[in-house]
Amino acid sequence: QVQLVESGGGLVKPGGSLRLSCAASGFTFSDYYMSWIRQAPGKGLEWVSYISSSSSYTNYADSVKGRFTISRDNAKNSLYLQMNSLRAEDTAVYYCARDMSSTALIWAFDIWGQGTMVTVSS
Amino acid sequence: QSALTQPPSASGSPGQSVTISCTGTSSDVGGYNYVSWYQQHPGKAPKLMIYEVSKRPSGVPDRFSGSKSGNMASLTVSGLQAEDEADYYCSSYAGSNNLGVFGTGTKVTVL
Numbered sequence: 006q007v008q009l010v011e012s013g014g015g016l017v018k019p020g021g022s023l024r025l026s027c028a029a030s031g032f033t034f035s036d037y038y039m040s041w042i043r044q045a046p047g048k049g050l051e052w053v054s055y056i057s058s059s060s061s062y063t064n065y066a067d068s069v070k071g072r073f074t075i076s077r078d079n080a081k082n083s084l085y086l087q088m089n090s091l092r093a094e095d096t097a098v099y100y101c102a103r104d105m106s107s108t109a110l111i112w113a114f115d116i117w118g119q120g121t122m123v124t125v126s127s
Numbered sequence: 004q005s006a007l008t009q010p011p012s013a014s015g016s017p018g019q020s021v022t023i024s025c026t027g028t029s030s031d032v033g034g035y036n037y038v039s040w041y042q043q044h045p046g047k048a049p050k051l052m053i054y055e056v057s058k059r060p061s062g063v064p065d066r067f068s069g070s071k072s073g074n075m076a077s078l079t080v081s082g083l084q085a086e087d088e089a090d091y092y093c094s095s096y097a098g099s100n101n102l103g104v105f106g107t108g109t110k111v112t113v114l
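Chains as they are written, first to last, in the working numbering: chain A, 6 to 127; chain U, 4 to 114.
Read the hints as simulated data drawn from the structure, not as lab findings. Ideal Cβ positions, reconstructed from N, Cα and C, are used throughout, including at glycine. Any given hint could turn out to be false.
As the list claims (entries may be wrong) - Quick list of the computed label-pair ranges, beta carbon to beta carbon: (1) U:S61 x A:A109: 18 to 26 Å; (2) A:T63 x U:S72: 14 to 22 Å; (3) U:K47 x A:T63: 39 to 47 Å; (4) A:D78 x U:T22: 23 to 31 Å.
As the list claims (entries may be wrong) - In silico DSS-like pairs for lysine-lysine, Cα to Cα no more than 27 Å straight-line: (5) U:K110 x A:K81; (6) U:K110 x U:K47; (7) A:K70 x U:K110.
Said to hold, decoys possible - Examples of chain A residues toward chain U, derived with CB under 8 Å: (8) F32; (9) Y85; (10) G118; (11) Q119.
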């Protein structure tokens, strides 16, 4: 079935780094735009980063620009988020999500992973 | 990019309707027809309920409907059922520089 599975979360000290992964299955991963979206404990959703199907275009929320890097490996059906210079305010559940159109970005996330928790604390 | 504004809570009795507003600006909600709505139950991942303002993905009941007027989008849940009790978030595309933003979220309670 169509599925996204995140991994790589954990506890990290402020200033540290973490790499999240998202494994896709059940659909042609290389056809779709993908995003990372996060949710701090008890808070709302926040879009973090986006990558086009061929990796030619990426974008980031101002809150993570310059610290986070999104990438993908279509041969491995995988999405990644490299997070550097982590801060306490980056503590959240991180979801990977698929934009439902295979032809253009329509800002509709139809498939979500179960999320992976990132905790930044000393 | 500021979050879109939603009321913190909304409620209704079973069978009634509830409408949730989502207020943005001409740079996001008012500028594009790429508004989507998500339902999230506690401890679960969000679920897409409405996309492109008023379209329903396959499998979403037609009790859920979306609309937009100017800088405000709305989600209406008709014929409220117990399982509709959840948090709801709107989201909008905001252009190639800012890309997108989510709403502040609305907790819907079925009385």
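Hints, verified against the model:
no.	hint	in the structure
1	U:S61 x A:A109: 18 to 26 Å	holds (19 Å)
2	A:T63 x U:S72: 14 to 22 Å	violated (33 Å)
3	U:K47 x A:T63: 39 to 47 Å	violated (28 Å)
4	A:D78 x U:T22: 23 to 31 Å	violated (43 Å)
5	U:K110 x A:K81	violated (38 Å)
6	U:K110 x U:K47	holds (14 Å)
7	A:K70 x U:K110	violated (30 Å)
8	F32	violated (14 Å)
9	Y85	violated (18 Å)
10	G118	holds (7 Å)
11	Q119	holds (6 Å)
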